[in-house]
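> Work out the full structure, taking the sequences as your base and the hints as a guide.
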Amino acid sequence: MELKATRLIRNVPDFPSPGILFRDITPVLADPEAVHEVVTALAQFARQTNTQAVAGIESRGFVFGMPVAMQLRVPFIPFRKPGKLPCATLREEYELEYGTAAIEAHQDALEPGVRVLIVDDLLATGGTAAAAVRLVRRLGGVVAGAAFVIELVPLRGRELLRDVEVFTLIRFD
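For the sequence shown, counting from 1, position 76 maps to 76 in my numbering; every step adds exactly one.
Keep in mind that a hint or two might mislead.
[Claimed, not checked] Here are the computed distance ranges between Cβ atoms for each label pair: (1) Pro82 to Gly140: 15 to 23 Å; (2) Asp173 to Phe15: 36 to 44 Å; (3) His36 to Thr100: 30 to 38 Å.
Bear in mind the hints are in silico, worked out from the structure with no lab data behind them.
Even glycine gets a Cβ: it sits at the ideal position worked out from N, Cα and C.
Pasting the structure below:
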């Protein structure tokens with residue numbers, strides 16, 4: 001059965017630059033039934049992986065990760081852009097097409113050995129997700145899996161996540 005969210009994703013050509021086909025999820029976010037379907041599916045995967053905490057990657061990983069954590073009644077850990085967290089942090093950098101970016105989490109975000117599900121809206125090249133995997137491990141956690149609403153298959157993001165169980169709801173080939 002096709003998820004309602006699949007039909008709601010809007011294709012925006014030439015955004016943010018010429019030649020790019022942007023997959024816009026804002027119509028999904030505007031539809032409570034579609035969001036419920038997505039969160040329910042992500043939470044089902046989380047249960048299968050014995051998730052004990054959810055890490056959401058800023059910012060749309062927050063949108064989907066927090067309700068998953070609430071359904072499971074487990075902690076939510078925000079993985080933020082640098083400089084957004086008030087206490088001592090760990091930082092993990094990753095490569096962009098032109099330069100680098102980073103995500104951070106509080107140093108005390110996890111108890112050792114906690115099984116963490118990483119959640120984000122999109123798996124593209126895999127750079128951000130791979131940085132999140134490294135960050136979970138540096139924090140002392142165990143990566144239970146990584147879950148995404150959308151996967152852009154031709155960008156081969158799974159290749160950077162070979163040792164992680166990956167779950168995606170909607171795949172674009």
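> With reference to the structure, classify each hint as holding or not holding.
Each hint tested on the structure:
1. Pro82 to Gly140: 15 to 23 Å: Taking Cβ atoms as reference, Pro82 and Gly140 lie about 21 Å apart, which means the hint holds.
2. Asp173 to Phe15: 36 to 44 Å: Given about 20 Å between the Cβ atoms, the range is violated.
3. His36 to Thr100: 30 to 38 Å: 37 Å, holds
The earlier numbered hint that this structure contradicts is number 2, and it is the only one.
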